[in-house]
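Peer 1: Sequence:
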Amino acid sequence: FGEYKAYDQIDAAPEEKARGITISTAHVEYETPNRHYAHVDCPGHADYVKNMITGAAQMDGAILVVSAADGPMPQTREHILLARQVGVPSIVVFLNKVDQVDDAELLELVELEVRELLSKNEFPGDDIPIIKGSALAALEDSDKKIGEDAIRELMEAVDAYIPTPERPIDQPFLMPIEDVFSISGRGTVVTG
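Under UniProt numbering, the residues of the sequence shown are numbered 1 to 192, in order.
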């Protein structure tokens, strides 16, 4: 799929590592046989929603990761709502941590709850692909079916469900601006 990047290298800032959460958006690139992806890891923690909005505004599609063990959390609802508000056109869901759930009915219930949340926020909840797996099993190479195979199934769903965006290359360049800094000796620096 692409170059391996250790999980602890995605959240690179010292505070992110210390707290075990994503604060700033992180960009990771990889590809499938069909497409090249620039993956934006957005913060899920409620205190960093502004950073999530900045990352989401650039997205052509999203992978919503929901814990199968916990079900949708308040941040899950916020992420779906924000995805709708900033215009993310398509979502694919990955139900993570299925290795922690022994009851098939409970998994079905979590899936149903996610579909209802998506529909409530004007996404086609009944049609959105939901892939079940375990990111930990994939990282540890401990259970191929819910690990590597599930990740491959997820990326196949992303390739198939999220349309290839049209890029208006004949028009002027536009870049979303996140912040502007004045640095002495350098001038104005714009980030986005």
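Everything labelled a hint here was simulated from the structure, so no lab data went into it. It cannot be assumed that every hint is accurate.
To be verified - Here are the simulated BS3-like cross-link-like pairs (lysine-lysine), alpha carbons at most 27 Å apart as the crow flies:
id: 1; residue 1: K132; residue 2: K145
id: 2; residue 1: K145; residue 2: K120
id: 3; residue 1: K144; residue 2: K120
id: 4; residue 1: K97; residue 2: K145
id: 5; residue 1: K132; residue 2: K120
id: 6; residue 1: K97; residue 2: K144
id: 7; residue 1: K144; residue 2: K132
Peer 1: Could you run down the list of hints and mark each one as holding or not?
Peer 2: Hint by hint, here is what the structure shows:
Restraint check for K132 and K145: satisfied, since their Cα atoms lie roughly 10 Å apart, inside the 27 Å limit. Between the alpha carbons of K145 and K120 the distance comes to roughly 31 Å, so the proposed pair goes past 27 Å and is violated. Restraint check for K144 and K120: the C-alpha separation of about 34 Å exceeds 27 Å, so the hint is violated. Of the pairs offered as hints, the one joining K97 and K145 holds, with about 13 Å between alpha carbons and a cut-off of 27 Å not exceeded.
For the suggested pair K132 and K120, the alpha carbons sit about 22 Å apart, so the restraint of at most 27 Å is met. Of the pairs offered as hints, the one joining K97 and K144 holds, with about 14 Å between alpha carbons and a cut-off of 27 Å not exceeded. Using a Cα cut-off of 27 Å, the hinted pair K144 and K132 holds, with the two alpha carbons roughly 13 Å apart.
The structure does not agree with the numbered hints 2, 3 stated previously, though it agrees with the rest.
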